[in-house]
Amino acid sequence: MSSLIAQTITITGHGGDEIEAYEARPASGHRRGGMIVIHHLPGYDRATKEIVRRFAELGYDAVCPNLFHREAPGAAADDAAATARAKGGAPDDRVVGDMAAAAAHLRALDSSNGKVGVIGFCSGGRQSVLVACSTPVDAAIDCYGAFVIGDSPAESQVKMTNLEALLPNLGAPLLGLFGKDDQHPSPAEVERLAEILTANGKDFEFHSYDGAGHAFFAVDRPAYRVEAAVDGWEKITDFLNRKLS
Amino acid sequence: MCTYITETIGIAGSGKGADGWFRLTDATVYFDHPVHAMADHTLNINFANPAKGASSRVAVELTAESARALVAAIQSTLDAAPADLTT
Chain A
1 MSSLIAQTIT ITGHGGDEIE AYEARPASGH RRGGMIVIHH LPGYDRATKE
51 IVRRFAELGY DAVCPNLFHR EAPGAAADDA AATARAKGGA PDDRVVGDMA
101 AAAAHLRALD SSNGKVGVIG FCSGGRQSVL VACSTPVDAA IDCYGAFVIG
151 DSPAESQVKM TNLEALLPNL GAPLLGLFGK DDQHPSPAEV ERLAEILTAN
201 GKDFEFHSYD GAGHAFFAVD RPAYRVEAAV DGWEKITDFL NRKLS
Chain B
1 MCTYITETIG IAGSGKGADG WFRLTDATVY FDHPVHAMAD HTLNINFANP
51 AKGASSRVAV ELTAESARAL VAAIQSTLDA APADLTT
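Protein chains in written order, with our numbering: chain A, 1 to 245; chain B, 1 to 87.
No lab work stands behind these hints, which were simulated from the structure alone. Please read all numbers here as calculations on a predicted model, not as lab measurements. Treat each hint with caution, since some may be false.
Stated by the list, open to error - Distance condition first, Cα-Cα at most 30 Å in a straight line; then the derived DSBU-like pairs of lysine-lysine: (1) A:Lys202 - A:Lys180; (2) A:Lys202 - A:Lys235; (3) B:Lys52 - A:Lys87; (4) A:Lys49 - A:Lys243; (5) B:Lys16 - A:Lys87; (6) A:Lys49 - B:Lys52; (7) A:Lys180 - A:Lys235; (8) A:Lys87 - A:Lys49; (9) B:Lys16 - B:Lys52.
Please build the complete structure, drawing on both the sequences and the hints.
Here you go:
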């Protein structure tokens with residue numbers, strides 16, 4: 001899938017708001033699934049857009065809504081993230097609404113096979129689980145999302161409540177990719193999440209990597225761990241081949 | 001991890017951003033992933049004027065050691081200045 005088309009588009013998100021999104025699609029006309037990419041707290045940035053294009057290269061229609069568009073339309077990603085953070089971040093109900101809109105956008109494409117997955121990194125990992133518990137999707141991937149289990153610190157201005165009460169509603173198979181050196185989520189929290197999902201009869205598979213901490217997929221950060229990231233992408237590719245084909 | 005911890009305070013002064021000097025009204029302080037610094041987490045400060053738009057911002061990302069050194073330097077500088085000028 002070396003040929004692809006990437007562009008900025010507008011989708012109608014939560015509450016009827018027009019928000020910016022980044023879309024990448026294979027140039028070929030084959031029918032395929034769609035992938036929603038949820039950006040991390042540092043924003044709708046270049047690294048996230050590279051991930052969107054990677055999913056197109058893997059053969060999926062992919063879209064990443066700008067969760068901070070409302071706070072700072074047209075601003076640079078880092079400025080928008082700083083502004084959104086100062087205002088408390090993107091509320092969960094708004095995130096779900098925006099991602100449901102992204103899913104509808106993907107399913108309406110002529111190339112769609114009707115299936116849509118969602119992936120998020122860091123804060124987006126938690127939001128990926130949130131979305132899969134709140135709106136219909138066919139696959140979900142959580143890359144080291146903190147506060148799926150356990151709340152954000154009380155002093156946080158950006159409130160992140162845990163998702164434990166929502167987990168019985170998880171409506172899609174979940175792939176979780178974690179670092180064993182990460183403390184948010186900690187290995188104990190990952191284990192607790194697995195216990196809850198098992199108790200609720202959910203379809204999930206978790207992989208935790210030795211020698212990796214938080215953000216091991218981030219190629220432009222010191223946290224990057226090449227072995228975990230390469231294997232993680234192989235796990236993602238295999239999971240989506242099974243769930244979105 | 002994303003710590004989500006953010007302190008916001010009102011401030012008075014000026015900063016120089018991409019478009020020159022502007023009046024500062026707010027500062028946010030948090031310890032989280034940087035955008036540019038080569039560290040997993042940094043002490044990040046945004047000196048801003050939100051009323052002028054998201055880009056009216058002077059941002060710094062400091063290692064924890066650097067941030068503590070800065071705090072000490074600010075405090076010692078204020079302490080050394082004549083009290084009648086700093087109250």
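Hints violated by the structure (numbers, ascending): Those not satisfied: there are none.
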